[in-house]
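Participant: Join the two chains, each given in its own frame, into one complex according to the hints.
Below, each chain spelled out in residue letters.
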Amino acid sequence: MGQIKLEQVTKSFGPVEVIPPLDLTIGDGEFTVFVGPSGCGKSTLLRLIAGLEDITSGTIRIDGQDATNVPPAKRGLAMVFQSYALYPHMSVRKNIAFPMRMAGIPEDEQNRRIEAAATALNLTDYLERRPGQLSGGQRQRVAIGRAIVREPAAFLFDEPLSNLDAALRVGMRLEISELHKRLATTMIYVTHDQVEAMTMADKIVVLQAGVIEQVGSPLELYRAPRNVFVAGFIGSPKMNLLSGPEAEKHGVHTIGIRPEHTAISTESGTWEGTVGVAEHLGSDTFLHVQCPQFAEPLTVRASGEFPVQYGDRIFLTPDPAHLHRFDAAGLRIA
Amino acid sequence: MATQHSRSAARFMMAPAVILLLGWMLVPLIMTLYFSFKRYLPLRGGDLGWTGFDNYVRFVTSSAFWPSVQATLIIVGGTLLITVIFGVLLGILLNQPMWGQGVVRILVIAPFFVMPTVSALVWKNMFMDPVNGLFAHLWKAVGAQPIEWLSDISLFSIVLIVSWQWLPFATLILLTAIQSLDSEQLEAAEMDGAPVLKRFAYITLPHLSRAITIVILIETIFLLSIFAEIFVTTGGAFGSRTLTYLIFQRVLESQNVGLGSAGGVYAIILANIVAIFLMRIVGKNLDA
Ligand SMILES: Nc1ncnc2c1ncn2[C@@H]1O[C@H](COP(=O)(O)OP(=O)(O)OP(=O)(O)O)[C@@H](O)[C@H]1O
Ligand SMILES: [Mg+2]
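Chains A and B, in that order, give the protein sequences.
The first sequence begins at 1 in the numbering used here and counts up one residue at a time.
The second sequence begins at 1001 in the numbering used here and counts up one residue at a time.
With the rest of the complex left out, here is chain B (with noise of 0.2 Å):
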């Protein structure tokens, strides 16, 4: 029975946690928001004072702030295009039964437990390594130029990086919704005569649009904050700065805290456009 006496004990008791969870996010916003206004130099003469938009206008000015959004949502969208494809072939494929399926499909979701500092370096200095990597030996083999994959395809090479580490979580995903397609509706497709690559576009395919959507909206929160894998691989050279990396430079490597605080809520509002549009499309998704 909810009486005004115990709605208010609850508000009483609930009110930590809320506080606690607010407090978290709206501290660093606000430091963010402060320091975006001000002229924060920590190493050549600290807090010079206010700026005005001055921050703003210079980090969006800068010749590094387009390229980097474009490297972001290039490394956002290769990734997705990459574990959405070959998560749902990959699904399928461990749909069918075959032999040492449990192993198999252990060592499929492997790679989700490595921390990406290490996969990073492990994919940097054992495959793509020009002179020892098991790539360049490959090239080598057949009588090629080795590929400089992180300098010459430096995105290409990260977006493979990344994919690598994620395809698991969207074949676990895509899977599971496999899994739960009912045979009888492909058996019945197969009988109104549709081959099996019409069958996967009308039915399989149709069935796994919710899983699809989810992977991607998850996906995306995360790829969009990378920076792990940038930094041990590039170090955010060859155009492969992305928005976060860029930021990392202008606080840390350029000791610009204001700066990199216009660049920091300039990501908050790239995330909340992408945000919005991937609610759009999930919600008439996760509706139907």
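Pulled out of the complex, with its shape left as it was, chain A reads as follows (with noise of 0.2 Å):
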């Protein structure tokens, strides 16, 4: 069980009022992604949740308990932090163990346990080496293997991945979502990275200072943002958003139309560009095209390879079904 719900909870360091009154249910068994700019207040979110930093004001249910001035140990979640915070002097097999031990569960138990998350998590051979003597994807997983012993109701995941390289970080992000869909524990996971928002997530909360901007799967924010906020930090590369005279042709204040929905040719088409900078991946070209009536390039892909070069010119045609909408607020127009 780990269904956690937040109820008009605030935070202020000092005078700075750092989380607004915010709603939010965590469902049993989620995978929840909390994505944002640096500083928007996820780490904060997570640490309120944890029980490492007092909420101003508001309450915190775990499963339907008042856990508001429960104090961390026995909340019942287990957190992974982005520095490891392994214990450098004891051995990976000790650090372990050490929940458990203050838990004072028997030594066999504990054994069997150590041995269960070692194997699933390859580090057999690690078991008796100090942190110090590990490469960091390897302590990154004794990390999650000292949160998986304790079998807590909740994993919370502070950035985790954000000091590995960029092939590790591919290889840990499959694992973790292997891990959740084996043991069917919730998860809370903080990252800035939208790319593992959309790849782990069963609901994304997108933040922005202390604000949820909208709550959603990855699909639902993906397909309809909330506002421009949304719409400019889901999906990559980011979505145009144009306004001025383009947006008024519309009808309204603001238009997003994203590099993936954009039909590109060399003869013919709404809008007319030169091409700048073109970033070919190979499965992917991404163009940077300058248009004189908008101030900002657009991106916009096209599949595989495109032939073009540095100052052509080049057509554009949004696609109308997935042009976006918003309003002078930045809000969606459905």
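Because the hints were derived from the structure by calculation, they are not lab data.
Quantities reported herein were computed from a predicted structural model and do not represent experimental measurements.
Glycine included, C-beta positions come from ideal geometry on N, C-alpha and C.
Treat each hint with caution, since some may be false.
Unchecked claim - Per the computed footprint, the stretches of chain B lying under chain A, defined by three or more beta-carbons under 8 Å from a beta-carbon of chain A, are:
(1) 1176-1188
(2) 1202-1211
As the list claims (entries may be wrong) - Listed below are the simulated DSS-like cross-link pairs for lysine-lysine, each with C-alpha atoms no more than 25 Å apart in a straight line:
(3) 94(A) <-> 74(A)
(4) 1140(B) <-> 1124(B)
(5) 5(A) <-> 203(A)
(6) 74(A) <-> 5(A)
(7) 203(A) <-> 238(A)
(8) 181(A) <-> 5(A)
(9) 1198(B) <-> 94(A)
(10) 74(A) <-> 1198(B)
(11) 1284(B) <-> 94(A)
To be verified - Take a look, some chain A residues computed to stay more than 12 Å from chain B by CB distance:
(12) 219
(13) 278
(14) 295
(15) 305
Facilitator: Right, here's the structure in full:
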């Protein structure tokens, strides 16, 4: 069990209100990702849930029970920190055993769980090593192992992959997703990498300055961003957001069109422009196109290779079915 | 490029410094060894010739020897115990965010800047004096018989004075070590269900082990040779005579240079035993 509910939760550091009143429900077994730009309060929110930080007002419920004033150890949550926070003077085995030792679990049960976790996380060969003798990915796995053995109601991850290199990150991402499928335990995962958010989440919570901008499944957010901020934040490369005369043609303040929803042609189209930088990824080509009527260059995607050069003339046609419309307040117009 | 030529030039250039340092160390050592085999009484006939190991035997068999070794070890051990324990506690306290932190930190470090002679005098006359001392007044205020600090519990009193001087040093080193502890580790332990005391025992203390070793090592080196504090307070009476002080008495009060020199050689041996012992522990702790 691991349903977490925040009711009118706020957090202030002195006079600065980091989290204005916030409501959020995280269902049992859900993989929820908090995503948002740096400094928007993701870590703070996670630490409030963990109990490492006292909330200024509001209520936190875990499985329906009021947990607002329950100390962190008693909330039944396990946290994986960005710096891993392994205990450097203890072997991997002792690190993983630590929470069980504190809980007074019998020795043989401890060993059974350590072996199970080590097997699941490929740590069997490293159990007697110190954290200092492990690679970043291995340390990450030890930190996850230490969280698993407690059999918590929910896992909290604070940017666990940000210290790893790109290749390892993709691997660990899969491992964590698999772990979630296998354990079916609630997980809350903080990241500012929207690719991680899109690939891992059942539910994404987009935050900006402590305010929840939108909650929904990755595809909901992709298809129907509630406002300009979410539209620009979810999706890679970013959605092109256009205002001015072109938007007024559609009778709105801002229109948005994703790079992958724009048809490209060298002969004819709605907008005419010149090709700037072209990024050839093999499977896709991303073109940055400067159109005279827009201040910012547009990003468009072409499947496979697209044979254009810097400075070539090009025509773009947005797909009207995928055009997003926003009003002056930045809110989506259905 | 270290050619033959430049290397010999370097040796030549370094020679004065090396010779000076060597001389600085060797001359007193050799003179101590030389006098320790002599019967040399400056005011009672001067150099009376070689005596072999006579001085060594007399120094050890004197009834003052073992008590002095014991006093030395008690003072060193007691001071280490107090400074390390209170250093850790003060370090943790000073690491808490509080009002006036900067001033408090400077105040805590202040005793280190007071000269040993001065601090011993202040303690002797202002705190521990059985008639006019602050402690005496305090004891009288609660209706108790004032303690004769420096005569009844002289070793403890000296340990107290010396600890007061060395606590800032220990606190300073341990505070910096505490500051370098990753707060996420403590939070992880908190989430893992470790209450405050267990967090201290399992996370903070192991993290401090290296700093504690360094404090112990450095303090031991200086504490083995404390002198001013004893000279000023008890003058070596009431069982507070350390090895250093015994040597001083043999040489200057009894005017027996030979006997004192033999004692000096014993002091060197004692210091080395302690040093080897410590290096073992330190080596182990510094490797990790
Ligand atoms: N202890 C603190 N005291 C005062 N302000 C704080 C404290 N901790 C965080 N803040 C402020 O709260 C805001 C949110 O911080 P938080 O660490 O939650 O951001 P974040 O979303 O996790 O960012 P990042 O992606 O960079 O980790 C920031 O503006 C930060 O300056
Ligand atoms: Mg953060």
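Participant: If a hint holds in the structure, say so; if it doesn't, say that too.
Facilitator: Results of checking the hints against the structure:
As drawn, the segment 1176-1188 of chain B meets chain A at 5 residues by the rule of a beta-carbon pair under 8 Å; at three or more, the given contact holds. For the segment 1202-1211 of chain B, the proposed coverage by chain A is satisfied: 5 residues have a C-beta within less than 8 Å of a C-beta in that chain, meeting the threshold of three. Of the supplied pair hints, the one linking residue 94(A) and residue 74(A) holds, its CA atoms being roughly 21 Å apart against a limit of 25 Å. Among the hinted pairs, residue 1140(B) with residue 1124(B) is consistent with the structure: their alpha-carbon atoms are about 18 Å apart, no more than 25 Å.
A C-alpha spacing of about 14 Å is found between residue 5(A) and residue 203(A), which places the hinted pair at or below 25 Å, so the restraint holds. Distance hint between residue 74(A) and residue 5(A) is fulfilled; the C-alpha atoms sit about 17 Å from each other, no more than 25 Å. Straight-line distance between C-alpha atoms of residue 203(A) and residue 238(A) comes to about 20 Å, which keeps the hinted pair within the 25 Å bound. A threshold of 25 Å between alpha carbons decides the hint, and for residue 181(A) with residue 5(A) the separation of about 22 Å falls inside it, so the pair holds.
A distance of roughly 15 Å separates the Cα atoms of residue 1198(B) and residue 94(A); the hinted pair therefore holds under the 25 Å criterion. Distance hint between residue 74(A) and residue 1198(B) is fulfilled; the C-alpha atoms sit about 16 Å from each other, no more than 25 Å. The straight-line distance between the Cα atoms of residue 1284(B) and residue 94(A) is roughly 20 Å, inside the 25 Å bound, and the hint therefore holds. Here residue 219(A) stays apart from chain B, with its beta-carbon at least about 33 Å from theirs, past the 12 Å limit.
Look at residue 278(A): its CB is around 43 Å from the nearest CB on chain B, clear of 12 Å, so calling it non-interface holds up. Annotated as non-interface, residue 295(A) keeps its C-beta farther than 12 Å from every C-beta of chain B; the closest such distance is 43 Å. Distance check on residue 305(A): its Cβ is at least 46 Å (rounded) from any Cβ of chain B, clearing the 12 Å threshold; non-interface status holds.
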